[in-house]
Every structure is written in C-alpha cells, then in structure tokens.
Amino acid sequence: MSTVMSVPLIVMQYELRGHPRRSEHWALVAPLSRDDAYVFQLEGTYDTFRYSPGEIHDLATAESMRGGVQVGVIPYNALAWLEEKLREVRIIRHTPDFDCQNWIMEAIQLLKDIGSIIYPGVTERWLRDELRHDMERWQVAEDTLVERLFGN
Numbered sequence: 001m002s003t004v005m006s007v008p009l010i011v012m013q014y015e016l017r018g019h020p021r022r023s024e025h026w027a028l029v030a031p032l033s034r035d036d037a038y039v040f041q042l043e044g045t046y047d048t049f050r051y052s053p054g055e056i057h058d059l060a061t062a063e064s065m066r067g068g069v070q071v072g073v074i075p076y077n078a079l080a081w082l083e084e085k086l087r088e089v090r091i092i093r094h095t096p097d098f099d100c101q102n103w104i105m106e107a108i109q110l111l112k113d114i115g116s117i118i119y120p121g122v123t124e125r126w127l128r129d130e131l132r133h134d135m136e137r138w139q140v141a142e143d144t145l146v147e148r149l150f151g152n
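Start counting the sequence shown at 1; every next residue gets the next number (full-length UniProt numbering).
Honestly, I wouldn't trust all of these hints.
In silico EDC-like pairs for lysine to aspartate or glutamate, Cα to Cα no more than 16 angstroms straight-line [unchecked claim]: (1) K112 / E88; (2) K85 / E106; (3) K112 / E124; (4) K85 / D113.
Please keep in mind that the hints were generated in silico from the structure rather than gathered at the bench. Remember, it's a predicted structure, so these values are computed and weren't measured experimentally.
Input sequences plus hints: build the corresponding full structure.
As structure tokens, this is what we get:
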C-alpha cells in the first residue's frame, strides 16, 4: 500500500514597502523542504494584480520573510489541482481596498468550502494574531515556522 505525502499549507508574510495600508505581503506556501516550496500569491499593484503561482528555492533564507502560520495540509499529489483551483479566487483591480491579504483570505475561504484542507478555526482574526506572534518570534531571533517544521 502506498502512502501519499502530505504538505503543510502556510500563510507566509514578507516585508512590504510602499503600500498605503499594509506592511506585510501574504502568500500561500506549500513547503517541500527548508528551501523548496510551491507559492501561490497575488503580485502587482492595485491596477495590475495577477495570480502568480510558482516555485521558490530560498524559503528559509528569504531576506524579506517575516514568519508564517500553518493553516492546513494538502496531499502532495493535489498541488497541481490547488494551483488551478486558486485561479478561481477573484482579483479586484483599481481599488486600494483590495490587496494580497484580501486575496489570501478569499483563497482560504474557497478551500474551507471544499473541506479537509484548511484547519477548523482558521479565521482572519486568528490568522492576523498568529502572524503577529510569529513576527515577534522572528524579530527576537527565536525561530521561524520554517525552522520549526524542518529544523535549523
């Protein structure tokens, strides 16, 4: 009998400069190792936003990373499905009230509606509190979620 590998689903926050309201960029990340991960995010400015899935190879060493929170788990063999499914998350352009954080919350809601991917109890308030706490850990050089998941 074969076992399907599960991958954590994390909301990572990165330093963001020049935004009128936010100081962190959020991305949905499925890490495979300390360095390698699939990333699902919104890129651009309020008039050019676009969904931008891809791979990264510097997860643990990205200078702009400010921590993260695990919000769920997904089978490795469902990552291609996830990439396509997240294309359904709406993108609103030309309004300063919409940004990557709104997009991530809508992506989480889409996945919650499907079931069994996002943990019960994940809400925007909970996520913001947990991200704030993880940023505090990062600021005092305790550790980051990636280090806790994969070791130093």
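Q) Given the hinted pair K112 and E124, is their alpha-carbon gap at most 16 angstroms? A) Given that 16 angstroms is the threshold and the Cα spacing comes to 13 angstroms, the pair holds.
Q. Are the Cα atoms of K85 and D113 separated by 16 angstroms or less?
A. Holds: K85 and D113 sit about 12 angstroms apart, inside 16 angstroms.
Q. For the pair supplied as a hint, K85 and E106, is the alpha-carbon distance within the 16 angstroms limit?
A. It holds: about 12 angstroms lies between the C-alpha atoms, which stays within 16 angstroms.
Q.
Run the distance test for K112 versus E88: straight-line Cα separation, threshold 16 angstroms.
A. holds, 14 angstroms
In summary, this structure violates none of the numbered hints.
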